[in-house]
Amino acid sequence: MISSKAFANEKREGGLAAKDEIRVMRRQLPINAQKERVRYARHKLRQDKKSKMRVLNSDLSDLRRKTPVETAKRKPLISYLTWPLPGLGQLLLGQRLKALLFFAGSLFAYLIAIPYALGRGNYRGKGLYGLISLAQDGSRLDRSVIFMVEGVIAIILLLMGLLIIYQSYRDVNRVERQMIRGVRRHNWFETRTSVKRSGFPFFASAPAALVTIFIVLLPIAVTILISFTNYDPSHQSKFNWAGLANYKQIVLGQGIAGGPFWHITGWTVIWTIFATSLAILIGLVLALLVNQDRIYGKRLFRTVYLLPWAVPAFITIMFFSIMFAPDGPLTNVLSSLTGQITNIKYSTWGTRTVLILLQGWLGSSYVFLLCTGILQGIPNDLYEAAKIDGATGFQATRHITIPLLLFQTAPLMIGQYTFNFNNFSIIYLFNGGGPFEPTKSGNIAGSSDLLISYIYKLTIQKQYQGIGSAITLIVSLVLIFIAWFGFSRSKAFREERL
Amino acid sequence: MSKKKDKGLYLSDRPPLTAVKVVMLALSYILLFFYVFVILWPLAQILFTSFNGNHGSYIQIGVSFTFSTRHFQYLFGETYFLNWVLNTILIALATATLTLLFVSFTGYAYSRYRFKGRKASLTAVMLIQTIPSFAGIAAFYTLHSIIASIAPWFSRQMFLILIYAGGGIAGNTFILKDYIDSISTELDDAARIDGCGNLQVYRLIIMPIVRPMLAVITLWSFIGPFLDFMLPSILLNDPKAYTLATGLHTLINDVRNMHQPVFAAGGLLTAVPITILFIALQKQLVSGLASGAVKG
Chain H
1 MISSKAFANE KREGGLAAKD EIRVMRRQLP INAQKERVRY ARHKLRQDKK SKMRVLNSDL
61 SDLRRKTPVE TAKRKPLISY LTWPLPGLGQ LLLGQRLKAL LFFAGSLFAY LIAIPYALGR
121 GNYRGKGLYG LISLAQDGSR LDRSVIFMVE GVIAIILLLM GLLIIYQSYR DVNRVERQMI
181 RGVRRHNWFE TRTSVKRSGF PFFASAPAAL VTIFIVLLPI AVTILISFTN YDPSHQSKFN
241 WAGLANYKQI VLGQGIAGGP FWHITGWTVI WTIFATSLAI LIGLVLALLV NQDRIYGKRL
301 FRTVYLLPWA VPAFITIMFF SIMFAPDGPL TNVLSSLTGQ ITNIKYSTWG TRTVLILLQG
361 WLGSSYVFLL CTGILQGIPN DLYEAAKIDG ATGFQATRHI TIPLLLFQTA PLMIGQYTFN
421 FNNFSIIYLF NGGGPFEPTK SGNIAGSSDL LISYIYKLTI QKQYQGIGSA ITLIVSLVLI
481 FIAWFGFSRS KAFREERL
Chain U
1 MSKKKDKGLY LSDRPPLTAV KVVMLALSYI LLFFYVFVIL WPLAQILFTS FNGNHGSYIQ
61 IGVSFTFSTR HFQYLFGETY FLNWVLNTIL IALATATLTL LFVSFTGYAY SRYRFKGRKA
121 SLTAVMLIQT IPSFAGIAAF YTLHSIIASI APWFSRQMFL ILIYAGGGIA GNTFILKDYI
181 DSISTELDDA ARIDGCGNLQ VYRLIIMPIV RPMLAVITLW SFIGPFLDFM LPSILLNDPK
241 AYTLATGLHT LINDVRNMHQ PVFAAGGLLT AVPITILFIA LQKQLVSGLA SGAVKG
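Line by line, the protein sequences give chains H and U.
Under the numbering used here, the first residue of the first sequence is numbered 1, with each subsequent residue one higher.
Under the numbering used here, the first residue of the second sequence is numbered 1, with each subsequent residue one higher.
Among these hints, one or two may not hold up.
Computed list of chain U residues with no C-beta within reach of chain H, every gap over 10 Å [what the hints assert, rightly or not]:
| id | residue |
| --- | --- |
| 1 | Ile46 |
| 2 | Ser68 |
| 3 | Leu82 |
| 4 | Leu86 |
| 5 | Val103 |
| 6 | Ala151 |
| 7 | Pro152 |
| 8 | Arg156 |
| 9 | Gly166 |
| 10 | Ala215 |
| 11 | Leu219 |
| 12 | Asn237 |
| 13 | Gln284 |
When the alpha-carbon atoms are kept at most 20 Å apart in a straight line, the in silico PhoX-like pairs for lysine-lysine are as follows [stated by the list, open to error]:
| id | chain 1 | residue 1 | chain 2 | residue 2 |
| --- | --- | --- | --- | --- |
| 14 | H | Lys238 | H | Lys66 |
| 15 | U | Lys21 | H | Lys387 |
| 16 | U | Lys283 | H | Lys298 |
| 17 | H | Lys50 | H | Lys66 |
| 18 | H | Lys238 | H | Lys50 |
| 19 | U | Lys21 | H | Lys298 |
| 20 | H | Lys52 | H | Lys35 |
| 21 | H | Lys196 | U | Lys116 |
| 22 | H | Lys345 | H | Lys457 |
| 23 | H | Lys345 | H | Lys196 |
Quick list of simulated restraints, FRET-style, between CB atoms [claimed, not checked]:
| id | chain 1 | residue 1 | chain 2 | residue 2 | range |
| --- | --- | --- | --- | --- | --- |
| 24 | U | Pro212 | H | Gln292 | 45 to 53 Å |
| 25 | U | Pro239 | H | Arg174 | 54 to 62 Å |
| 26 | H | Gln292 | U | Gln200 | 48 to 56 Å |
| 27 | U | Gly117 | H | Ser234 | 38 to 46 Å |
| 28 | H | Arg64 | U | Pro212 | 42 to 50 Å |
| 29 | H | Lys35 | U | Gly117 | 36 to 44 Å |
| 30 | U | Leu199 | H | Ile273 | 44 to 52 Å |
| 31 | H | Leu101 | U | Phe76 | 51 to 59 Å |
Simulated from the structure, these hints should not be mistaken for lab results.
Keep in mind the model is a prediction, meaning the values are calculated, not measured.
Each residue gets a CB set at the ideal place from its N, CA and C atoms; glycine is no exception.
Construct the entire structure; sequences and hints are all you get.
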């Protein structure tokens with residue numbers, strides 16, 4: 001007897017086989033076979049023509065390469081004379097299709113980039129001039145920041161135009177020099193082949209490069225420029241260049257916005273060290289505990305310990321924020337435990353402690369996940385060898401497991417420190433940076449504000465964009481230095497693999 | 001343990017438990033279960049709150065539990081929750097698609113071709129991106145109005161997509177490039193001899209091999225908009241256009257619009273699919289993160 005499952009399988013297989021047979025028969029029908037043959041013949045004809053043309057062309061260029069030519073020319077004059085108009089030089093040298101491409105570049109340079117820089121076709125600004133004047137002499141509705149952004153755009157467009165002009169000059173110059181030496185100029189076939197080969201990476205990354213320039217680099221350039229202006233609440237529509245005034249205020253800790261800088265920096269450093277180290281400690285200990293031989297239910301523990309990482313952080317942070325609110329559930333629990341009303345959100349160190357604990361809770365999962373992966377990869381021989389040498393379990397952990405864990409995860413752990421240094425969501429969503437302590441952290445920042453949330457408050461909420469940008473730059477320079485330090489020492493970078 | 005039933009005969013591979021080890025093991029279990037409680041308690045609170053009909057606008061302790069779906073009804077009836085879900089999914093999909101398109105080209109070009117400014121450009125952009133993105137917010141606003149003055153249909157959400165996709169290019173290019181580097185170039189050479197062009201080599205040879213890494217990159221770019229709170233809260237100004245994170249925040253940040261249990265309900269609905277995704281795909285997600293980090 002066949003079981004019903006086997007029967008069904010048998011039936012399906014039979015069906016498939018029959019279908020296959022039908023397909024084969026259909027192929028063998030004379031009319032279909034003929035059609036197929038015609039299609040194939042057409043295809044082959046096309047392909048043959050293509051490949052023969054290619055062979056012909058490359059034979060041609062071979063011959064051209066081998067037969068030198070004599071010219072009366074001594075100096076690459078055309079390139080010297082025609083560089084202002086890309087395309088003209090190529091045309092004079094007889095490379096017509098290439099000239100067409102470079103003429104398109106000319107159009108960009110002379111009809112878009114240069115007029116834009118001169119203030120034509122701007123949205124509101126005045127091209128490059130706007131960067132100098134910052135709309136000081138403009139009408140009442142003109143805004144300095146728009147003038148600044150359009151000035152930067154003008155610079156970018158100009159640079160692109162210049163690049164095209166320079167490339168064209170170099171191209172004409174190279175061709176001319178080669179002609180003087182007796183090398184024939186490339187024909188279109190040769191140009192196309194060489195562009196396909198060496199130009200591909202540029203074409204492939206051009207869209208990405210454009211987006212990066214305008215979405216990533218332009219805003220950063222504007223930030224750098226704003227940090228040298230007096231863009232603050234009383235200069236919202238019109239601001240002016242102010243030199244290093246913002247930086248001076250920050251370093252000396254003066255003014256409403258710059259005053260609390262050092263205070264906040266101190267707390268940011270404390271926060272980064274404690275919050276990250278706590279998360280690493282919890283994650284490490286949990287991973288070691290779960291991975292012991294005699295623990296049962298490993299899967300269950302692992303899944304549960306991943307939850308804080310898997311649940312979106314903004315939801316858990318907001319929920320904890322509700323629970324610690326005045327009259328919130330956890331506040332009431334704490335109050336009944338201590339016997340007095342304990343409002344975490346009104347106390348500086350209360351908020352700070354809870355924030356660090358909360359980040360420990362949130363961050364431990366990721367560390368746990370990484371460590372578990374590595375622990376499972378440590379070969380058992382190491383422990384057996386240690387045992388034979390007389391090591392206790394504790395010694396094996398201390399001298400084998402922990403060093404291996406720390407070495408392999410070090411770069412990612414450093415990443416965790418920089419992540420927490422800039423951990424905006426937890427600070428902003430938990431208590432909005434509060435509680436406020438005007439004597440220490442001024443009127444803008446709360447006492448749990450990190451530099452990043454302080455910058456947010458300065459630039460987005462309180463309109464101190466100038467100082468905010470300056471702080472951004474100082475912080476970023478430090479971060480960039482750290483990142484570069486790690487980056488340049490990495491294997492990929494040193495082995496020239498990058 | 002069950003093997004020990006047969007008294008006098010010890011069958012386990014492991015050395016027998018000493019008294020100290022029993023204590024240590026018990027301690028381990030206590031610690032592990034304690035932390036399970038620490039994790040599950042707050043999450044369980046979200047679950048119970050969202051289904052507890054006795055909560056008013058605020059969540060309080062000691063409220064008895066009555067099963068009810070009225071917070072969910074409020075969420076779907078009185079708030080723009082469905083809009084937020086739809087917005088987030090659209091933004092995430094567009095971001096993932098754009099990132100995938102950009103990065104496939106750049107990753108391939110940076111890995112397989114040697115050209116001027118290759119090392120410098122990637123390093124520079126990677127380093128410059130440590131500068132927090134909202135610092136350039138003034139530029140973002142202006143850029144958006146400039147583009148919108150040319151193309152009026154260009155909404156703030158589209159700009160958000162561009163920022164997400166543009167911000168991810170450098171990092172993801174680095175990840176993908178590293179992955180393509182590990183594929184032998186002999187495969188490419190063979191394909192080229194057979195007559196493949198640049199793009200054909202990518203499409204027919206490289207892409208099938210790097211598909212796992214492309215999947216990871218797509219996945220992370222897709223999840224990003226679900227988790228980000230900062231950029232949408234700055235850029236988007238219409239509650240209907242909000243994403244999930246900013247939308248749910250409106251339910252708890254304003255006294256007039258305070259509905260904490262509804263927030264819990266919305267949070268639950270958001271968290272469940274993402275959590276399942278993370279737990280199910282943890283290995284793939286971590287592999288993307290780990291290869292993105294600088295290797296020592």
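These are the hints, each one checked on the structure:
1. With a closest Cβ-Cβ approach of about 6 Å to chain H, U:Ile46 is found to fall inside the 10 Å limit, against its non-interface label.
2. For U:Ser68, the shortest C-beta to C-beta distance to chain H comes to about 19 Å, beyond the 10 Å cut-off, and the non-interface label holds.
3. At the 10 Å boundary, the C-beta of U:Leu82 stays outside the reach of chain H, the nearest C-beta of that chain being 18 Å off.
4. Listed as a non-interface residue, U:Leu86 keeps its Cβ farther than 10 Å from every Cβ of chain H; the least gap is roughly 18 Å.
5. The claim that U:Val103 is not at the interface with chain H is violated, since a C-beta of that chain comes within 10 Å of its own (minimum 8 Å).
6. With 10 Å as the threshold on Cβ separation, the claim that U:Ala151 sits away from chain H holds: the shortest Cβ distance comes to roughly 12 Å.
7. For U:Pro152, the non-interface assignment is confirmed: its Cβ lies about 13 Å from the closest Cβ of chain H, beyond the 10 Å cut-off.
8. Even its closest Cβ contact with chain H, about 14 Å, leaves U:Arg156 beyond 10 Å, as expected for a residue assigned away from the interface.
9. U:Gly166, annotated as away from the interface, has a beta carbon of chain H within 10 Å; the closest lies near 3 Å.
10. Once the 10 Å rule is applied to beta carbons, U:Ala215 is consistent with being away from chain H; the minimum gap is 18 Å.
11. With 10 Å as the threshold on Cβ separation, the claim that U:Leu219 sits away from chain H holds: the shortest Cβ distance comes to roughly 13 Å.
12. Every Cβ of chain H is farther than 10 Å from the Cβ of U:Asn237; the closest lies at roughly 13 Å, confirming the non-interface assignment.
13. Against chain H, the non-interface label of U:Gln284 holds: every CB pair exceeds 10 Å, the least being about 12 Å.
14. At roughly 66 Å between alpha-carbon atoms, H:Lys238 and H:Lys66 are farther apart than 20 Å, so this suggested pair is violated.
15. Distance restraint check for U:Lys21 and H:Lys387: the Cα-Cα separation of roughly 16 Å lies within the 20 Å cut-off, and the hinted pair is therefore satisfied.
16. Restraint check for U:Lys283 and H:Lys298: satisfied, since their Cα atoms lie roughly 16 Å apart, inside the 20 Å limit.
17. A hinted pair counts as satisfied when its Cα atoms are at most 20 Å apart, and H:Lys50 with H:Lys66 does not qualify at roughly 24 Å.
18. Our distance criterion of 20 Å between C-alpha atoms is broken by H:Lys238 and H:Lys50, whose separation comes to about 63 Å.
19. Annotation: proposed proximity of U:Lys21 to H:Lys298 holds, straight-line Cα distance about 19 Å (limit 20 Å).
20. Between H:Lys52 and H:Lys35 the CA atoms are separated by roughly 26 Å; this puts the pair beyond 20 Å, and the hint is violated.
21. Restraint check for H:Lys196 and U:Lys116: the C-alpha separation of about 16 Å stays at or below 20 Å, so the hint holds.
22. Of the pairs offered as hints, the one joining H:Lys345 and H:Lys457 holds, with about 19 Å between alpha carbons and a cut-off of 20 Å not exceeded.
23. Using a Cα cut-off of 20 Å, the hinted pair H:Lys345 and H:Lys196 is violated, with the two alpha carbons roughly 63 Å apart.
24. Between U:Pro212 and H:Gln292 the beta carbons are some 32 Å apart, a value that contradicts the proposed interval 45 to 53 Å.
25. Between U:Pro239 and H:Arg174 the beta carbon distance is about 59 Å. The supplied range of 54 to 62 Å therefore holds.
26. In this structure the hint that H:Gln292 and U:Gln200 lie 48 to 56 Å apart at CB holds, the actual value being about 53 Å.
27. With their beta carbons about 43 Å apart, U:Gly117 and H:Ser234 fall inside the hinted range of 38 to 46 Å.
28. Range check, H:Arg64 to U:Pro212: Cβ separation about 47 Å, and the 42 to 50 Å hint holds.
29. With their beta carbons about 53 Å apart, H:Lys35 and U:Gly117 fall outside the hinted range of 36 to 44 Å.
30. Between U:Leu199 and H:Ile273 the CB atoms are about 49 Å apart, so this pair conforms to the stated range of 44 to 52 Å.
31. The hint said 51 to 59 Å for the Cβ distance between H:Leu101 and U:Phe76, and at roughly 56 Å that hint holds.
Hints 1, 5, 9, 14, 17, 18, 20, 23, 24 and 29 from the earlier list are contradicted by this structure; the remaining hints agree with it.
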